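J.: Residues per chain, in single letters:
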Amino acid sequence: MKRRILLAAPFVLAALPRGLAAQEKKTLAFVVNVSADFWTIARRGIEKANREHPEYNMEMIVPGQASAAEQRRIVDELLARKVAGIAISAINPGNSTDMLNRAASQAVLFTTDSDAPASNRAVYIGTDNVAAGREAGAQIKRALPDGGKAMLFVGTMDADNARERVQGIRETLAGTKVEIVDIRTDESDIARAKRNVEDVLARYADINLLVGLWAYNTPQIYQAVKGAGKEGKVKIVGFDEDALTLRGVADGTIQSTVVQQPFEFGYQSMVGMVKYLNNDRGFIPASKQIIIPTRIIEKSNVAEFQGQMRELLRGR
Amino acid sequence: MSKKELGLALLLIVIGGITAALNPLFLSGVNVLNMANLIGLFGVFSIGQGIIIITGGIDLSVGSMFALLGVILVDLLVNYELPWPLAVLVVLAAGLVLGLLHGLLVTRLKLQPFVVTLCGLLIYRGIARYYTQDSTTGFGYAGDSLDTLTWLASGRSFGIIPNPFLILLVVALVMAVVLHRTVFGRYLYAVGRNEEEARHSGINTDAVIIGAYLLGGSLAGLSTVLLVFYTSSVSPSSFGNFYELYAIAAAVLGGCSLRGGEGSILGIVLGTVLLQILQNLVNILGIPSSLNFAVMGGVILLGVVADQQLGRRRERIQLHRSQATAAAE
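Heads up: the protein sequence lines correspond to chains P and C, in order. For what it's worth, the numbering used here labels the leading residue of the first sequence as 38, then goes sequentially. For what it's worth, the numbering used here labels the leading residue of the second sequence as 1384, then goes sequentially.
There are no misleading hints in this set.
Short derived list, chain C residues pointing at chain P, Cβ under 10 Å:
#1 1420
#2 1425
#3 1512
#4 1518
#5 1519
#6 1522
#7 1537
#8 1619
#9 1624
#10 1625
#11 1626
#12 1659
#13 1665
#14 1668
#15 1675
#16 1676
In case anyone wonders, no lab produced these hints; they're calculated from the structure. Keep in mind it's a predicted model, so treat the numbers as computed, not measured. Idealized CB from N, CA, C, for every residue including glycine.
Sequences and hints are given; from them, build the entire structure.
T.: So this is what it looks like as structure tokens:
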């Protein structure tokens, strides 16, 4: 560990002059909502964009806490630093219009991952979460052709992407014999995410399917189901590409997972902002939304996808 | 068992009874064993917290310590491929070092424990996030070389009993002997009750306080290993968030006074059991998850108020009796 700390010291020093150099180059910032592997993949996309456009200084900023207040502070500081462009995954887009508009008046503003249609953002680049929910709904229908009981797990339900995914799932399941028993939340406490699953398995002997709506939910479902020895008996449909989720898909415990393409969020946001700054706005559609489609990862394509992910996450 | 512990045990039985009456599955083998596992996970570091509280201190940094030591543990095992006994030893030692640091800052620089550990909370969380560049670390792509450690930290012995629960039993037993049967234990209470007086009566109070933080740090290190293997992944920004409050709540429920000088190991363990039952019953009774914290807060408040009122009634009765005997004489 000592070695590691010694190793870290030059990084700290190296991080300092970067801020100074930023004075000359134009800076494009990518502000995320919370720290997650999802954003590590997006970071790789940003790095690719930066290699193509070395005349810009591109950075990703991760808030200390996933709160709208913290994000607002970050945006204010970025504006004070006079950055040229901001791509942001707004934590509370509905109530952050003022902050977003202030940013839009002083820099190029894109939204990514979670949209804020009421604001003056130039464009949204990301997933359509209702559509992603419908995809998951279709997977649930496939897993339970004769109907059954499903339980949903998520961090908090006050996040837009959680609500939209649930909306998509409900739309698809309306009129089928699949019943959504409940949605259990864990306030982003991973240990609680696992205990929620354990408790559900203990309480409902007749539960047929569990759905993990956020990246960390699905691996905890996977582990709890394995721990209870109910592989195969209880089906699992998930979201995102946690390593354990992919392992579960590979061994058949998880039927499938709906993945977004964060690499594209990072890459396209950065390249888009560069174009926008060069007054090339042809890439923005009339709807002001560039929807990056989701993919379904199941047993047939999981091995290849695992390889890609390992490649993207390596050497951080 | 003191009156306080008896009261807490009674509260446990009442709440458990009501829950079981509403849904008998509460007492099903699977559920009880799941709960035992979680009691083990949360009990170990609550005992550490309790011992620090008994000396009149507090440790707000445990949650962040889990994140920092957790990412180090995963890194050592997965990326450095260190043999697991060595990696676990490093994490335990790191917990000890952080405890020592807290103890030294509190005793030598005379800083308030609240401030020292609040800074720890912020610093360790920050380092954990920087160290991992804000990405979740886990055993997802790890091989099967960790089977032994996985079993030790999250497996089950004798076919059914979760190992974290057994570890808690051992830790509780050892700490109960240390706290209630040794001179060091007596000193911990003495320092908590009145540090000045303890020093004047010849106790090396600094050493006693540092000792408490060392115990707290090493138990936090041990808990890290258990927690990491419970979730198999550590996201540095959220792992262990607020866990110090679970520990403080368990200690206070169990009869520790935040002013120091009071508390027992049995009480802290019972407090942990109550907290875990409260979280479990929310799920088992199908109470909306959003009410989880409200249920926990409500019952804790109820318990503390009842304890206070009963305590005052006992005092009044005793007063009456002594007055009555005085009058009779």
